[in-house]
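Participant: Take a look at the letters that make up each chain.
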Amino acid sequence: MIKTPEFQGTHLWERLHWAKDNLEKVQSDIRVVYEDPEDMDNPAKILVPDPNWMACALQGGILPPVEVYWELAKDEAQPGFEKHTRGYLLHNTKPVEAMTEEQAIEYLIMKDIPQRVWRTWDEGNKPKMIICRTHQLPEHRQWRNAWQITDDIELAA
Amino acid sequence: MAFGNLKFDTLTTSDAKNTNTEKSLDTSYIFNGVAKNWLSATEPGSVGDSFNTSTTTDGGSGIHTITLTNNMASTAHAAVTGMQDADMACLGESGRSTTGYMVTLLQRADSLTRTDGDHFSALFGDLA
Chain A
2 MIKTPEFQGT HLWERLHWAK DNLEKVQSDI RVVYEDPEDM DNPAKILVPD PNWMACALQG
62 GILPPVEVYW ELAKDEAQPG FEKHTRGYLL HNTKPVEAMT EEQAIEYLIM KDIPQRVWRT
122 WDEGNKPKMI ICRTHQLPEH RQWRNAWQIT DDIELAA
Chain B
-1 MAFGNLKFDT LTTSDAKNTN TEKSLDTSYI FNGVAKNWLS ATEPGSVGDS FNTSTTTDGG
59 SGIHTITLTN NMASTAHAAV TGMQDADMAC LGESGRSTTG YMVTLLQRAD SLTRTDGDHF
119 SALFGDLA
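Top line first, the protein sequences correspond to chains A and B.
First residue of the first sequence? That's 2 in this note's numbering, and the numbers climb one at a time after it.
First residue of the second sequence? That's -1 in this note's numbering, and the numbers climb one at a time after it.
Keep in mind that the hints were calculated from the coordinates and are not lab data.
Among the clues, some could well be false.
[Stated by the list, open to error] Chain B is faced by these chain A residues, among others (derived, beta-carbon under 10 Å): (1) N43; (2) K46; (3) R87.
Glycine is no exception: its CB is placed at the ideal position from the N, C-alpha and C atoms.
Make a model of the complete structure from these sequences and hints.
Facilitator: Structure follows, in structure tokens:
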């Protein structure tokens, strides 16, 4: 396996260039199906990991900790936000070590799914979020706009 | 054979073949003008290839949200979208974010309806 250069302090975008040149894409079979309580009129959404991002996650030493994205999200949520002034957090914070595929999916859930979904995913009448494999999704997309997480889903222990 | 780094701030040409007048270009012009993200998807809920993308979210027929690994500096970015054949792709919502963008895919008939299909996008602007 190729060794990741010491990237702390290197612009994240440059790290992604290095990864694109040096790492093989990893197509994950895992999907995250979720329903947003603030968007109940729309069907269940399906989060798909990017294969180049997954390669970075499994390699380690490239991606910033997920908490960095939360900090930037706080800044963006401020009234009158115009431009990020703490983008350096992406580049200067110590990158995370290599993850397993499962850890990478947990990271993506916390990065790209609204916190109101994953922080209380198992509260309420049914789960708001399910992690599954592609073969567990419907085989065709007919009635895609009616897809929902079923009420009687059985969760793995 | 390994190559080293070439660091410079300005590109200069003599332009001898055309005007024979020296022309210079600040390399920051190049950086500022390149796409900061791109994505090619040939199936709904999939990524064929990409750059600076962490996930795509399949939000229903003809709706995809692309989330970035390196956020943009502001919401004043420009997304360019495309779709196979005569169908159309465009930005999906007015709510702009530094974390990514939503693309909606439209089928042209008597009226526009959302549809799935091959789609392509790129994002220009300043990085965080």
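Participant: Taking the least C-beta to C-beta distance, is K46 of chain A closer than 10 Å to chain B?
Facilitator: For K46 of chain A, the interface hint holds, since the closest Cβ of chain B sits about 5 Å away, which is under 10 Å.
Participant: Does the CB of R87 of chain A sit less than 10 Å away from some CB of chain B?
Facilitator: holds, 8 Å
Participant: Just to be careful: measuring from the Cβ of N43 of chain A to every Cβ in chain B, is the smallest value less than 10 Å?
Facilitator: holds, 6 Å
When the structure is compared with the earlier hints, no violation turns up for any of them.
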